[in-house]
Amino acid sequence: MESIKDPILQIKNVSIAYGSNKLAVKNVSADVERNTITAIMGPSGCGKSTLLRAVNRMHELYKSIHVTGEILLNGVNIMEMHPTEERRKVGMVFQRPNPFPTMNIYDNVLAGYKLNGIKLSKTEKDEIVEKTLRDVALWDEVKDSLTKRGTFLSGGQQQRLCIARSLALRPDILLMDEPTSALDPIATKYIEELIVELKKSVTIMIVTHNMSQAKRISDYSMFMYMGELIEYDNSHIMFTEPKDERTRAYLTGKMG
Amino acid sequence: MQDKIFRTILILSAIIIPIIGGGIIYSLTEDASSAFEEFGFWNFIFSDDWNYTPGKESYGALPFITGTLLTTFLALIFCIPFSLPVALFVGEYFRGTKIATALSTVTDLLAGIPSIIYGLWGFYALRPIFMELEISPQGSGILTAAFVLAIMIVPYAASLSSEFIKMVPSELKEGAYAMGATRAEVIRRVVFPMAGSGVFSAYILAIGRALGETMTVTMLIGNTNQVPDSLTTTGNTMASIIANQFGEADGLKLSSLIAIGLILFLITAIINMIGKILIRRAQHV
Amino acid sequence: MTHDKNLQVRIFKNKMLYLLVCIFSGLTAIPLLAILGEVLIKGWRQLSWTFLTEATPNAYKAMMAMSAGEPVPGGIANGIIGTFLMLIMAAVIAIPVGIFCGICLSEYKGKWFATVVSYLTDLLQGTPSIIIGIITYIWVVVPMKGYSAIAGSVALFIMMLPLIIRSTEETMKILPETLKEAGLALGGSYWRVMLQVMLPSAFGSIFTGILLAISRVIGETAPLMFTALGGAAISWNINRPMAAVPLMIWEFFNDPNLQSLIWGASLFLLTFVLFLNLLAKRIQKKWKV
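Residue numbers (the working numbering), protein chains in the order written: chain A, 36 to 291; chain B, 85 to 369; chain C, 31 to 319.
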């Protein structure tokens, strides 16, 4: 694998344990290149989502999960930041679209600012909403119904709204945890196009169980199996000549 | 054949509920009618006269209606600073942990204590403290009754609210955390907007409980028949005047007490129905 | 720098809320401990064997004992007998009727009849207990021309009924529909399936509901005041007024001569009610449907 030149994220010897002994992620180290798309693949239960969530420190919401090792964001150890500060720099999109049902579309886009207690003028708000919704290619569809609740949108639109919500905060890196697994093929196609478009402005890490999706959109790919990072390489290399037996088995459908 | 008999038994045992429910309204109205005929419905409600000297008999419900509304309102105010934290403690901060179970057991036991024992405790333990603090001269009164009443309704408000707080999907909360919200902000911006209507209905039902509470209030409110002019004065509620005077009442007075009972029944019924409808709605969101 | 200050304020607010929630939650335990402590300490001294086996002394005897500096003789046996007698009479009718009604509500769910009955059950459950007292007075005491244990148990019956109906209905609703279908598919007749398959599966939580209903009504004073009235002697005659423990507490509260008995009676009542409560919780955990 050609070496990472400008890593935005450095994962160093990260292990993650559920409860007292069960290791979900075992001693993973990897650097993530700026403004690229990195896909994390693997059979279910391999620890890919767990690793992704640790980057956003979501594990801290649950007392039984323990993380060891270091994760550096732009060279700074994320554990040395306050989680609130850290999570603002790291956006996250979840498996199932989760727009806030008590807020309208407009407020959903601005939810990050509201939650972080940042006051904006009306024009600033309008600007951010329009720009972000244009970024996720949702503006034309919803510009006349900004005061409607986000939950009235279709699944794909909801997911794009959730991406917009994360992007509005201008994160350094965007984590996506199987963002299309709850969507139909057409909505999935739109989201994939969007992700590729977004990499100009933000680094993206995406967990997916869909190999062809990883192949279509990612620059780098990780393959995880039973908590270990088996292989990490440029996607075109990984998908054409995987080095590890287990990766090959997975990519050819013999595992998973 | 046996199935038919079985289904008939089911229906028959269900019919007893409408019979009792309808019967309560019918009997109360029937027996209250002579009071309403004598004084007029609105007059009865808005009169503050409670005079049983023979020949000058005159009864009005105003002191007791105001007494009831005042104690209930105060109890609600006192109850919120405790029931809301308990609901958050059990439903959000320590959800599913042993310490949350322990706190639920505490509130369950509080809910189980008979009201007459709350009354005793209020009278012998709390009243002297109120006197010591010079809040009111005799220690008993609207404030004392409302205070104990608040303790009694905390479990109802808290346990139902915590159910609704628990129902807020964790994916929504995670979504907010992922954008850098603190727990306090998640509670304010996500949990309360989502659980709000359910929590509100929990308080409506708690009000329903407080309105009809009898023994505790009777033992603590001081039992005087005037419209209360301050929070520390003595008074009577609809329930406490009945408890105090029903036993030796007859004729017009008995009818007036039953009329007060009818008003109390209707108020609690309306409040409870509103609460139940809101709850059913909140559960289906 | 300003942004950092903003963050610090937010973190501070977050900690404050956490602290306040913990403190105020902890404070709610105080009344429970205070009440239990008060009743236990004062009641323990009054508790004795004779307290549970002898009837209430009359005011004169109590007064003489008091002025002689002796402990007040007698106990609350009349109340204990009355409480259990009336409770059993109420429960014997309320349990089967309540269970059948609960089954009916879950079976005919969605039909207008069941909806009406369901709302009325809520209404009845929320009715203040003093109203139940008045209505039983009108329905039973007036026609019988006197207070009686029967009237008392009718009042308790009306109080218990909605509680049992609710718990039965809730339980039947969460039983899987497939259970009934499996029973019917085996050729069981409807009533056999209901009584021999459904009801036994629901037994645990219905039993919990019954225990909770009993613990709710056993401490009720208001509905007994104008129905059972109370009585000083041990009595088994259900056509006559009868004592009950909560009623006796109310009497002792109002009679300066008998006040020394008040805490023993409260301790008895409280122990019993809380025991039933905890027992119900245990069973609920064990026999979850």
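Bear in mind the hints are in silico, worked out from the structure with no lab data behind them.
Just so you know, these numbers come straight off a predicted model, no measurement behind them.
Any given hint could be a false lead.
Taking lysine to aspartate or glutamate and the EDC-like style, the derived pairs with C-alpha atoms no more than 16 Å apart in a straight line are [stated by the list, open to error]:
| # | chain 1 | residue 1 | chain 2 | residue 2 |
| --- | --- | --- | --- | --- |
| 1 | C | Lys210 | B | Asp87 |
| 2 | A | Lys235 | A | Glu68 |
| 3 | C | Lys35 | A | Glu68 |
| 4 | C | Lys139 | C | Glu207 |
| 5 | C | Lys45 | B | Glu121 |
| 6 | B | Lys257 | A | Glu95 |
| 7 | A | Lys289 | A | Glu213 |
| 8 | B | Lys360 | B | Glu247 |
| 9 | A | Lys234 | A | Asp219 |
| 10 | A | Lys98 | B | Glu176 |
| 11 | A | Lys124 | A | Asp207 |
| 12 | B | Lys337 | B | Glu176 |
| 13 | C | Lys175 | B | Glu176 |
| 14 | A | Lys98 | B | Glu258 |
| 15 | A | Lys234 | A | Glu263 |
| 16 | B | Lys88 | C | Glu137 |
| 17 | A | Lys154 | C | Glu207 |
| 18 | B | Lys337 | B | Glu121 |
| 19 | C | Lys139 | C | Glu84 |
| 20 | A | Lys40 | A | Glu263 |
| 21 | C | Lys315 | B | Asp192 |
| 22 | A | Lys47 | A | Glu120 |
| 23 | A | Lys149 | A | Glu115 |
| 24 | A | Lys183 | A | Asp207 |
| 25 | A | Lys224 | A | Glu213 |
| 26 | A | Lys61 | A | Glu263 |
| 27 | A | Lys124 | C | Asp34 |
| 28 | B | Lys337 | B | Asp133 |
| 29 | A | Lys61 | A | Glu120 |
| 30 | A | Lys235 | A | Asp41 |
| 31 | B | Lys337 | B | Asp132 |
| 32 | C | Lys175 | B | Glu121 |
| 33 | C | Lys311 | B | Glu176 |
| 34 | A | Lys40 | A | Asp66 |
Would the hint linking Lys149(A) and Glu115(A) be met if the CA-CA limit is 16 Å? Cα-Cα ~24 Å, so violated.
Are Lys315(C) and Asp192(B) close enough, with their CA atoms no more than 16 Å apart? Holds. Lys315(C) to Asp192(B) sits at ~15 Å (cutoff 16 Å).
Please verify whether Lys224(A) and Glu213(A) have alpha carbons no more than 16 Å apart. The given pair, whose Cα atoms are some 14 Å apart, holds under the 16 Å limit.
Lys337(B) and Asp133(B): Cα distance at most 16 Å? holds (12 Å)
Could you grab the alpha-carbon distance between Lys61(A) and Glu120(A) and see if it respects the 16 Å cut-off? Roughly 27 Å between the alpha carbons, so the hint for Lys61(A) and Glu120(A) is violated.
Holds or violated: are the alpha carbons of Lys124(A) and Asp34(C) at most 16 Å from each other? holds (14 Å)
Is the Cα-Cα distance between Lys175(C) and Glu121(B) 16 Å or less? violated (26 Å)
Is Lys337(B) close enough to Glu176(B), meaning Cα to Cα at most 16 Å? Since the Cα atoms of Lys337(B) and Glu176(B) sit roughly 51 Å apart, the hinted pair is violated (cutoff 16 Å).
Within 16 Å, alpha carbon to alpha carbon, are Lys235(A) and Asp41(A)? holds (15 Å)
Assess, step by step, whether the Cα of Lys98(A) is no farther than 16 Å from the Cα of Glu176(B), and give holds or violated. Holds, because 13 Å separates the two Cα atoms, which is no more than 16 Å.
Would you mind confirming whether the straight-line C-alpha gap from Lys337(B) to Glu121(B) stays at or under 16 Å? holds (13 Å)
Could you grab the alpha-carbon distance between Lys47(A) and Glu120(A) and see if it respects the 16 Å cut-off? Since the Cα atoms of Lys47(A) and Glu120(A) sit roughly 21 Å apart, the hinted pair is violated (cutoff 16 Å).
Of the numbered hints stated above, those contradicted by the structure are hints 3, 5, 7, 9, 12, 13, 15, 17, 19, 20, 22, 23, 24, 29, 32 and 33, listed in ascending order.
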